[in-house]
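Novice: Single-letter residue listing:
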Amino acid sequence: MTPFSQATGNAAANPYLIQSATIVEKIREAEDIDTYRLRFVDEQVRRSYRFAAGQFNMVYLFGVGEVAISIVSDPDEPDSLDHTIRVVGRVTKAIARLQPGDELGIRGPFGQGWPLDAAQGKDVVIVTGGLGCAPVVGAIEYIFRRRSQYGSVKILHGIKTPHDLLYRERFDAWRRHPDVEVLLASDQPHKTWRYHVGVVTELFEQVVMNPARTMVLMCGPEIMMRLGVPILMQRGIPETAIYVSLERHMECGIGLCGHCQLGPYFLCKDGPVMRYDRVAPWLERVGF
Amino acid sequence: MATPCDTHVAAVPKTFLQQLIDVLCAKGYRVVGPALRDGAVMWDTIRQVSDLPIGWRDEQEPGRYRLENTGSDQIFGVVHGPQSVKPLAFAPREPLLVIERTKGSFSALPTLPKSEKVAVLGARACDLAGLAIQDHIFLKDAYRDPYYQTRRDGLFLIAVNCTRALATCFCASMDTGPRASAAFDLALTELEEVFLVEAGSAAGQAMMSALSLAPASTARVREAEQQIEACARSQVRRLDRSPLPQALYDAHEHPRWDDVAARCLACGNCTMVCPTCFCHVVEEVPDLTQTRSEHTRLWDSCFTQEHGYIHGKNIRPTIKDRYRMWLTHKLASWIDQFGTSGCVGCGRCITWCPVGIDLTEELPALLKPSSQAKEKPGQA
Amino acid sequence: MSQPKDHGKPGRPKMAVFKFASCDGCQLSILNLEDDLLALGQALDIAYFPEASSDMREGPYDIALVEGSITTPEDARRILSVRKQAPLLITIGACATAGGIQALRNWGDVEAFKRVVYPSPQYIQSLSTSTPISEHVRVDFELWGCPIDKEQLLRVITDLLAGVQPRLPTHSVCIECKRRGNVCVMVAKGIPCLGPVTRTGCGAICPSMGRDCYGCFGPAEGAHEGPGLPPNTASLAKEFHQGLQLIPIEVLRRFRGINGSVRPFREESQAWEQKDRAG
Numbered sequence: 001m002t003p004f005s006q007a008t009g010n011a012a013a014n015p016y017l018i019q020s021a022t023i024v025e026k027i028r029e030a031e032d033i034d035t036y037r038l039r040f041v042d043e044q045v046r047r048s049y050r051f052a053a054g055q056f057n058m059v060y061l062f063g064v065g066e067v068a069i070s071i072v073s074d075p076d077e078p079d080s081l082d083h084t085i086r087v088v089g090r091v092t093k094a095i096a097r098l099q100p101g102d103e104l105g106i107r108g109p110f111g112q113g114w115p116l117d118a119a120q121g122k123d124v125v126i127v128t129g130g131l132g133c134a135p136v137v138g139a140i141e142y143i144f145r146r147r148s149q150y151g152s153v154k155i156l157h158g159i160k161t162p163h164d165l166l167y168r169e170r171f172d173a174w175r176r177h178p179d180v181e182v183l184l185a186s187d188q189p190h191k192t193w194r195y196h197v198g199v200v201t202e203l204f205e206q207v208v209m210n211p212a213r214t215m216v217l218m219c220g221p222e223i224m225m226r227l228g229v230p231i232l233m234q235r236g237i238p239e240t241a242i243y244v245s246l247e248r249h250m251e252c253g254i255g256l257c258g259h260c261q262l263g264p265y266f267l268c269k270d271g272p273v274m275r276y277d278r279v280a281p282w283l284e285r286v287g288f
Numbered sequence: 001m002a003t004p005c006d007t008h009v010a011a012v013p014k015t016f017l018q019q020l021i022d023v024l025c026a027k028g029y030r031v032v033g034p035a036l037r038d039g040a041v042m043w044d045t046i047r048q049v050s051d052l053p054i055g056w057r058d059e060q061e062p063g064r065y066r067l068e069n070t071g072s073d074q075i076f077g078v079v080h081g082p083q084s085v086k087p088l089a090f091a092p093r094e095p096l097l098v099i100e101r102t103k104g105s106f107s108a109l110p111t112l113p114k115s116e117k118v119a120v121l122g123a124r125a126c127d128l129a130g131l132a133i134q135d136h137i138f139l140k141d142a143y144r145d146p147y148y149q150t151r152r153d154g155l156f157l158i159a160v161n162c163t164r165a166l167a168t169c170f171c172a173s174m175d176t177g178p179r180a181s182a183a184f185d186l187a188l189t190e191l192e193e194v195f196l197v198e199a200g201s202a203a204g205q206a207m208m209s210a211l212s213l214a215p216a217s218t219a220r221v222r223e224a225e226q227q228i229e230a231c232a233r234s235q236v237r238r239l240d241r242s243p244l245p246q247a248l249y250d251a252h253e254h255p256r257w258d259d260v261a262a263r264c265l266a267c268g269n270c271t272m273v274c275p276t277c278f279c280h281v282v283e284e285v286p287d288l289t290q291t292r293s294e295h296t297r298l299w300d301s302c303f304t305q306e307h308g309y310i311h312g313k314n315i316r317p318t319i320k321d322r323y324r325m326w327l328t329h330k331l332a333s334w335i336d337q338f339g340t341s342g343c344v345g346c347g348r349c350i351t352w353c354p355v356g357i358d359l360t361e362e363l364p365a366l367l368k369p370s371s372q373a374k375e376k377p378g379q380a
Numbered sequence: 001m002s003q004p005k006d007h008g009k010p011g012r013p014k015m016a017v018f019k020f021a022s023c024d025g026c027q028l029s030i031l032n033l034e035d036d037l038l039a040l041g042q043a044l045d046i047a048y049f050p051e052a053s054s055d056m057r058e059g060p061y062d063i064a065l066v067e068g069s070i071t072t073p074e075d076a077r078r079i080l081s082v083r084k085q086a087p088l089l090i091t092i093g094a095c096a097t098a099g100g101i102q103a104l105r106n107w108g109d110v111e112a113f114k115r116v117v118y119p120s121p122q123y124i125q126s127l128s129t130s131t132p133i134s135e136h137v138r139v140d141f142e143l144w145g146c147p148i149d150k151e152q153l154l155r156v157i158t159d160l161l162a163g164v165q166p167r168l169p170t171h172s173v174c175i176e177c178k179r180r181g182n183v184c185v186m187v188a189k190g191i192p193c194l195g196p197v198t199r200t201g202c203g204a205i206c207p208s209m210g211r212d213c214y215g216c217f218g219p220a221e222g223a224h225e226g227p228g229l230p231p232n233t234a235s236l237a238k239e240f241h242q243g244l245q246l247i248p249i250e251v252l253r254r255f256r257g258i259n260g261s262v263r264p265f266r267e268e269s270q271a272w273e274q275k276d277r278a279g
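Chains as they are written, first to last, in our numbering: chain B, 1 to 288; chain A, 1 to 380; chain D, 1 to 279.
Keep in mind the hints are simulated off the structure, nothing from the lab.
No experiment lies behind these values; they were computed from the predicted model shown.
Ideal Cβ positions, reconstructed from N, Cα and C, are used throughout, including at glycine.
Careful: at least some of the hints might be erroneous.
[Claimed, not checked] Sample of chain B residues at the chain D side, in silico, Cβ under 8 Å:
# : residue
1 : G63
2 : V64
3 : R86
4 : R90
5 : R235
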């Protein structure tokens with residue numbers, strides 16, 4: 001019934017148990033943003049760990065605590081587990097000091113990923129802002145591994161300044177696939193910036209969309225969604241074909257701690273990916 | 001669910017209670033019941049019937065709780081204290097893991113509570129309704145909570161049907177009482193001279209059989225029925241659930257939120273005493289040498305600053321936001337989440353609010369049309 | 001916040017404990033750490049702690065703990081030099097964090113007090129106010145309480161040693177009080193308790209002993225300027241007056257105590273001072 005990729009968590013196990021994982025590589029993406037490539041220490045965990053694009057892990061640092069971070073890597077290569085982490089709070093600030101060889105803890109994967117089965121046979125429009133591109137990387141890789149099963153792919157990505165552009169090589173690589181458009185927008189101009197200057201939603205004008213066969217995946221600031229969705233709807237795309245990945249305070253990842261509520265939803269288990277029509281009334285409400 | 005009929009209901013003299021306590025102790029249970037402490041009743045270990053608050057009763061009103069000794073020989077005259085059954089299954093402070101670090105590596109060891117057989121003597125219908133809701137949250141979803149499960153599995157629940165309502169009670173309007181209807185093992189109804197006993201589970205039935213209790217007469221059963229019904233009728237507070245959840249969703253911009261926010265202390269007492277509130281936070285406390293860290297779950301409240309935090313901002317910065325979140329969740333979004341109201345009508349949030357905020361008064365005020373209300377119905 | 005660095009000699013970070021106007025109770029809390037004090041002594045080089053040892057070494061230090069408030073011109077100068085000696089400055093206790101009980105002088109006439117107490121008041125150099133350290137220099141972290149809670153001190157030092165931003169809960173005492181299974185003294189006994197508007201951290205000691213919280217950990221959440229909601233002292237004060245029948249001067253005194261000069265408590269006591277004067 002649900003078009004979502006299902007969580008693969010083992011309900012019988014202790015869901016609070018943390019598995020240690022070694023940082024095998026730390027890739028600098030931008031100031032205060034790094035991608036950590038992790039490898040589970042336990043051989044068996046490494047073999048059995050599976051995730052769907054759009055799911056997240058609770059990433060743990062010894063003595064500091066846990067923080068919810070989306071999985072960036074390709075779900076078809078689960079033994080290479082990537083997290084792109086921006087320094088925003090206490091835990092991420094402490095993680096930023098780690099180096100290859102150090103260990104992090106992992107609980108997960110949790111939540112509902114992108115509806116990639118339901119998107120088969122459709123054109124996929126991916127709209128992201130800032131670090132919001134991280135949770136869709138896995139979805140893009142998934143689609144490109146099964147290129148023939150999907151229609152056209154349009155990747156629209158907005159950033160504040162050209163310095164904020166992450167995954168430059170990935171965008172370049174994606175551009176080379178057949179029937180793919182990659183459009184970038186930066187709020188601020190820069191002499192080296194050869195793409196659009198302005199907000200990401202302005203890029204909608206530059207792409208042709210067939211409303212009857214388009215599915216939209218969105219991730220980024222909520223303001224981008226609130227401004228972008230009405231434009232997409234004017235173009236004839238129904239709310240039910242728009243999926244967004246949302247963020248609230250996630251403390252447990254398993255729908256028990258009560259922090260990540262958005263109206264009737266627990267975003268850690270009902271989301272983070274939600275069909276837009278379900279969450280639209282709640283995103284408008286102050287305090288929810 | 002156990003509905004009394006003559007063949008299943010036993011009538012026993014009041015001395016039966018000590019016999020029950022002794023049998024439970026012999027079976028390895030720690031019997032926990034209401035005991036007088038610091039001006040209220042709190043769960044405590046009961047060895048003798050005399051450990052129970054015989055002859056006492058509680059008077060509760062918004063922001064006020066008082067006990068008085070009536071001199072009667074009623075054993076369960078006190079309806080309830082600030083604690084529901086909640087802390088016996090969902091512990092206020094539960095160590096989850098100990099994480100030990102050696103060189104660069106660490107290992108996490110679960111610290112499950114020791115399983116303990118606990119017989120709860122004197123759980124009220126509202127408490128059991130609350131427990132059933134917590135069971136749903138912690139045990140019936142994709143991820144079961146093994147800590148809750150361990151504590152919950154050890155519970156043997158002896159309900160006491162209410163024959164007296166407090167001024168703060170409104171279980172009748174929530175369909176959760178005054179008769180125990182959620183899961184229990186045994187239920188007692190205390191009459192003038194006898195207890196009526198009925199079983200609500202196989203374990204309870206086995207206990208009744210072991211004690212070979214005499215069946216109650218039809219007259220006794222009717223007497224108990226009448227007292228319970230009278231208790232329901234005597235409730236002065238009620239909560240009309242019929243317009244929920246939508247009407248409360250629609251009231252998001254109602255000016256009454258500002259009014260209640262001016263009174264609310266955001267102290268979190270309502271959430272702490274609520275039998276269903278389940279929010280919790282994990283605290284990580286390492287030792288000085290950074291070789292061992294304790295990962296402990298604590299009761300949390302949606303009234304705290306940290307609750308609504310997402311990277312660098314708070315989505316519920318004001319008291320208005322927090323009270324609205326609490327009440328809307330409790331009475332409205334809970335229905336969408338779990339299929340029931342999050343309120344069981346025990347009235348504890350009314351009594352234990354230091355300034356006596358009464359949700360049965362706030363809800364009708366919030367649902368009353370307001371000329372200032374800006375927002376029109378949203379579809380949930 | 002930066003990670004403590006070693007200055008000069010390799011090894012453990014150097015810590016100093018400085019005292020300003022205070023009763024030494026918070027310093028005693030450090031000495032009362034018992035077994036943990038040994039661990040602390042191993043993790044840190046306690047280089048300057050006159051309350052504990054006559055072995056006093058000069059700065060700079062990595063961490064300075066500061067007890068006490070600023071009440072003299074000399075101390076107002078000395079705190080500037082303390083700040084320069086350590087990259088991390090942590091205030092310990094109500095005096096250093098909020099001005100302390102001696103900030104009651106802020107409502108009084110210090111010159112008059114001097115004339116009453118001292119035979120030769122002209123030799124007493126004293127400011128007319130008692131002020132928290134944060135009004136004089138930048139403070140990296142504040143510990144509340146009269147005295148501080150030793151567990152909180154250990155947690156903050158543990159985090160700082162690991163280079164982690166310390167964080168302590170800011171919610172009300174009530175939450176911890178209920179977790180501990182206490183009966184509310186205000187609801188069950190009608191005692192005017194400050195717990196609902198006071199910051200957690202003490203372990204709800206007073207209500208656990210059947211008495212009221214008197215706010216020694218300061219206002220919950222938004223105590224100072226900055227993010228966080230100032231507690232709703234007005235509603236609690238109104239309940240003290242109307243529900244518990246306290247007269248305005250009694251309400252005033254509830255809020256004008258150990259943390260009486262912190263804004264939310266200060267403003268509340270001033271509001272009731274006006275009501276008291278209005279009769």
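Novice: Hey, does the B/G63 contact hint survive, CB to chain D under 8 Å?
Specialist: holds, 6 Å
Novice: Should the interface hint for B/V64 be scored as holding, given a Cβ-Cβ cut-off of 8 Å against chain D?
Specialist: The hint holds - B/V64 has a Cβ within 8 Å of chain D, the shortest such distance being about 5 Å.
Novice: Would the hint on B/R235 stand, with a C-beta cut-off of 8 Å toward chain D?
Specialist: violated, 40 Å
Novice: Does B/R86 pass the interface check with chain D, least Cβ-Cβ distance below 8 Å?
Specialist: violated, 16 Å
Novice: Any CB of chain D closer than 8 Å to the CB of B/R90?
Specialist: holds, 5 Å
When the structure is compared with the earlier hints, violations turn up for hints 3 and 5 and for no others.
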